[in-house]
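One-letter residues, chain by chain:
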Amino acid sequence: MAQVFRPAANTVALLVIASLGAVPVLAVGLGFSLMASPYVTNQSVTRKQPVPFSHAHHIGGLGLDCRYCHTLVSVARFAGIPPTKTCMTCHSQLWTNAAMLVPVRESLANNKPIRWQRVHVLPDYVYFDHSIHIAKGVGCSTCHGAVDQMPLMRQAAPLTMGWCLDCHRNPETEIRPRDKIFDMKWKPPKNQIAEGRRLMREYHIDTTHLTDCSKCHR
Amino acid sequence: MKPGLSGTNPEDILRLSRRDALRIFAAHMALAVAGCSKPVEEIVPYVTMPEGLVPGEPLRFATTLPMGGYGLGIMGISVDGRPIKIEGNPHHPSSLGATDVFAEAAVLSLYDPDRSRTPILRGSIASWDAFRAALLPQLAKHDVNAGAGLRLLTGRITSPTLLRQIDHLFTRYPKAMWHVHEPVDDSLERQGTELAFGRALHALPRLDKAEVMLCLDADPLGPGPSQIVNARRWIEARNPKNARGFSRSYVAASAPTLTKIKADHRLALHPAGVSDIAIAVANVMGAGMAQPNLPPSSERFVNTAAQDLIAHKGRALILTGRSQRAEIHALSHWINAQLDAPQDFIAPFDRSAEHQPSTLAALAEDIQAGRVETLVILDSNVGYDAPADLSITANLGKVPFSVHLGLYADETAGLCQWHLPQSHPFESWSDLRAIDGTAAIAQPLIRPLYETRSAHDLLTMLARQDAVSSYDLVRETWRPVGGDSFEDWWRQTLHDGVVAGTAPLSVVAAAPTRPEVTSTDETQNELALVLSPDSSVWDGRFANSPWLQECPRPISKEVWGNALSIGAADARRLNLKTGDVVRLSLKDRVIQTPVLVSDGCPPGVINLTLGYGRRNAGAIGNAIGADAYRLRTSDALWMIEGVTIAAAGKRQEILTTQNHVRLEGLARDLYPVRWLNDLASAARSDAEAPSLPTFYPPAAADTYAWGMVIDTAACIGCNACLVACQAENNVPVVGPEEIARGRDMHWLRVDIYDHDMPADPVTGFQPVPCMQCENAPCEPVCPVAASVHDSEGLNAQVYNRCVGTRFCEANCPYKVRRFNFFGYADGQEYANLGAETIKAQRNPDVSTRQRGVMEKCTYCVQRISRARRKAKKEDRTIAEGEVVTACQSACPTQAITFGDLNNPDSVAKRLKSGPRNYELLGHLDTRPRTTYLADLRNLNGALKGEHS
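Taken in order, these protein sequences are the chains called A and B. According to this note's numbering, the first sequence is numbered sequentially starting from 1. According to this note's numbering, the second sequence is numbered sequentially starting from 1.
No wet-lab data here; the hints were simulated from the structure. Note that the structure is a prediction, hence the values are computed from the model and not measured.
Here chain A is said to cover these stretches of chain B; the calculated rule only asks that three of the stretch's residues, wherever they fall, bring their Cβ under 8 angstroms from a Cβ of chain A:
#1 42-51
#2 697-705
#3 866-873
Below 30 angstroms or equal to it, Euclidean Cα-Cα: the simulated BS3-like pairs (lysine-lysine) are:
#4 Lys136(A) to Lys872(B)
#5 Lys215(A) to Lys815(B)
#6 Lys215(A) to Lys912(B)
#7 Lys872(B) to Lys187(A)
#8 Lys815(B) to Lys577(B)
#9 Lys870(B) to Lys187(A)
#10 Lys873(B) to Lys136(A)
#11 Lys873(B) to Lys180(A)
#12 Lys215(A) to Lys839(B)
#13 Lys873(B) to Lys190(A)
#14 Lys185(A) to Lys873(B)
#15 Lys909(B) to Lys215(A)
#16 Lys872(B) to Lys185(A)
#17 Lys187(A) to Lys873(B)
Beta carbons: idealized from backbone N, C-alpha and C, even for Gly.
Using the sequences and the accompanying hints, generate a full structural model.
Structural data, given as structure tokens:
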């Protein structure tokens with residue numbers, strides 16, 4: 001009578017036993033890495049906009065300040081997308097016949113707003129406030145990346161809760177002087193940790209309670 | 001796809017082949033997978049940004065809301081151009097910074113999907129142009145006959161601009177007539193002043209100066225346009241710091257009223273018995289009328305109250321209510337004159353100098369006689385709320401040309417040829433006078449959502465001044481007052497929300513004449529039906545507000561209906577139990593209603609509230625409760641005798657949010673009552689009770705410690721806090737079916753307790769929000785850490801973490817957590833509450849909770865967060881009084897105090913160390929951050945024996 005189990009069965013059995021332990025661990029690991037992956041976070045996704053507005057051209061090239069268009073960023077929760085009127089301050093004089101700007105001109109002529117695709121989307125139960133971050137020394141490029149080099153806007157950071165908490169726990173790695181907030185070229189100095197701690201004291205940033213659920217959720 | 005699938009016949013769809021079924025299944029899977037990706041959101045900026053607008057940040061505008069014609073000054077809070085919340089205007093004399101339930105709910109009525117959107121001609125959609133074309137030939141006729149047969153029917157009008165327009169209409173049509181019908185009017189009060197002073201006067205009692213107050217069926221603390229101002233003045237006179245001036249109130253009432261509950265001494269009596277008390281008190285003052293036959297309890301009550309009133313001459317006041325005859329009102333003016341009572345009189349301001357309005361009865365008679373050619377009804381629902389004997393419903397159709405302007409296509413709209421949609425008060429310019437006559441401008445917060453016009457617009461149309469806007473009209477009214485720098489004056493007046501210096505001067509009334517009043521006998525074996533306006537729907541005009549329908553009656557806690565209250569003795573005699581349906585009949589008119597056996601109802605009396613049984617209110621208010629107007633006649637508006645009651649042999653469940661339970665002796669712990677005289681000697685009930693050892697982490701001492709104190713002595717149970725919380729926190733309505741299953745969503749409820757005392761039970765209200773326990777029992781039982789504490793002492797609920805185990809709710813001793821059994825706000829809304837327009841009311845600062853999620857009060861964490869961010873940006877700490885919770889801001893008596901307990905200057909901290917402070921269920925060592933101040937009553941020693 002032939003043997004029920006051939007010698008290879010030992011290997012199979014070992015593999016099965018090993019995978020009993022490994023598969024759940026791998027599955028959880030896969031799940032977590034999937035959740036943090038651009039596939040879920042939409043990081044670096046470029047969206048089709050009605051007007052292919054280039055931050056690289058306007059900021060990097062022309063040197064406009066962020067607040068020229070995002071006027072409310074230091075006073076309100078939302079940075080604000082500029083009204084058509086803001087575009088037309090320049091484009092009523094410059095590139096007045098450019099085909100690319102047809103939606104802008106039509107918006108003003110017909111009093112119909114331009115419908116932009118949202119790039120940075122936080123869940124509805126997250127109440128993020130731009131103004132408080134700016135007041136406490138978090139620069140634009142810390143979260144939005146090198147906007148001055150983006151021909152089309154994309155989400156530079158993962159915007160996951162873990163990513164938020166990294167900074168809420170250790171803001172010293174990111175805090176910069178208030179006059180550098182809107183500086184796209186700002187790079188952390190060599191002594192950033194020490195400098196960041198000094199600025200935290202100056203700005204009265206206390207991380208003890210900065211991770212309370214109710215700080216961002218309600 | 002096979003033809004069978006494209007059909008809509010369900011039987012065809014059921015006949016699926018295996019392939020079709022698989023195909024559909026695969027398509028669903030594909031949709032489900034695609035649905036997992038985040039939805040693409042759009043950002044839609046302005047083309048031209050309005051000046052001063054900051055997206056996502058609230059703006060506050062002062063304006064005025066009408067309540068039975070009187071103005072209530074409010075601050076409308078608007079986010080991105082959408083009004084989302086109402087708060088009181090501290091500068092306005094009717095609001096004093098507080099609101100009532102009706103004002104809080106007004107913001108939802110703006111977005112009511114049942115609002116009328118277009119003119120309607122005999123049931124079919126028409127246009128404003130068509131109406132104008134129909135109106136012009138009609139007006140041409142009246143141009144010839146000087147307006148004979150042209151009638152205007154309105155509610156109470158106090159708007160100076162509207163009165164000016166009516167005057168203008170009369171110059172054009174001198175033979176036209178103006179009729180006023182207000183279901184909850186003050187005709188008896190007016191008749192009383194006419195009897196006493198020889199002319200109609202408007203009384204303004206000063207409750208803050210009244211150290212002794214006797215209310216005979218009067219309910220100054222009850223719902224109505226003067227509730228807030230009366231409640232604030234009443235509590236000002238009840239400051240325990242000022243024990244000598246602490247007021248004492250005696251209430252004899254035929255209905256369970258808020259004033260009666262808050263009284264120091266009370267008697268439940270038949271209206272005739274209440275009249276007898278007035279006569280007997282007048283006799284003590286030397287009136288010398290025939291002494292009525294008083295039962296011993298009334299006699300003792302009269303003797304004590306009268307002596308107390310006389311002893312406080314100049315600081316004593318007697319108030320008479322709606323169910324009393326005009327003679328009794330006149331008699332109480334005579335008594336007040338003897339007492340030199342703190343009460344002012346002003347000339348009535350709900351009429352123009354040139355034109356006195358006529359009555360609805362006169363109009364009914366003229367319609368019957370065919371003398372009415374054109375009838376214009378401005379915002380009045382006579383088709384529903386007219387007294388039954390006037391047969392308005394039967395005769396309105398006889399008018400050749402009838403027009404109804406209203407927010408809803410209601411009962412009256414159906415009886416008129418034309419229905420015209422009216423603009424909401426938030427959509428139009430106007431002006432209104434407050435209960436004390438102070439004028440205020442009403443400015444729009446939003447452009448009209450639909451093709452609507454205001455009453456001003458319709459009157460300009462009637463006067464053929466079509467080009468004039470209501471904005472210009474209102475400005476024109478006030479231009480003489482504003483003077484030379486009118487634009488500056490106008491901006492300042494709009495900003496303040498009140499026109500300074502417009503309160504009428506008080507009239508120096510001559511000594512009132514005393515009417516000769518005789519006691520009327522109670523009709524034996526017959527019940528007297530006492531009607532009152534409803535605390536939720538008033539006269540029926542708010543019937544389509546889901547917030548108000550689900551707002552529990554202060555005393556019975558009934559929602560979604562108006563059961564008939566009957567005393568226990570009468571119920572036994574008639575063999576009726578709570579929930580039995582009865583037929584109430586008067587002559588040939590019959591209504592059916594379930595009964596509610598109630599302690600507060602005196603023998604021989606049944607109580608019913610107005611405003612229910614609406615037929616055309618809308619999806620929310622239709623066919624709920626019984627229509628009391630069917631039994632109301634123009635000579636018996638509030639007290640109807642000769643009503644017969646008979647069991648209908650049916651039962652109907654009465655929906656309540658609080659079940660009546662009797663806990664032996666526990667009321668003394670849960671709702672302690674102190675007596676003013678003993679207050680100084682009393683020790684704190686929970687004086688420094690040693691805390692038990694605990695595994696809970698200690699509260700953080702290095703940041704804010706939010707805490708709340710609720711003064712139960714000041715709470716009048718008006719529910720303003722409850723509706724304010726609902727508006728602020730996007731609290732959904734569950735509907736009557738869910739209420740019947742014992743579910744409701746109010747984050748804050750107002751409990752009612754009564755102390756089982758012989759003869760005179762002390763009853764009181766206790767608002768219960770989340771206690772924010774330091775040792776919160778809900779937290780350790782949550783398997784997913786959705787119920788967590790934050791460093792500032794808030795017991796936060798992380799909605800996006802909650803998986804709906806409901807362990808926290810089970811473990812909460814205060815039962816303040818609310819579970820979304822269905823998507824009450826998220827896809828499974830009651831009736832039409834899922835409509836797109838309703839979403840515009842939601843507060844964008846608060847998450848809307850999904851099905852399967854637990855929710856609760858968090859001390860308005862969004863307001864704390866806003867204040868914290870503002871303070872941090874300015875590099876300071878949050879100041880005392882900077883965070884005001886929604887319930888706190890609404891409270892007319894300022895019973896709720898909120899603040900940082902780590903701030904040594906905080907009022908809340910000071911109150912917590914006072915002698916009346918107690919913790920609810922403190923023995924559980926939950927260390928609640930919300931604590932209460934014990935109720936405080938000021939007993940008269942002579943009657944004290946009854947409180948053993």
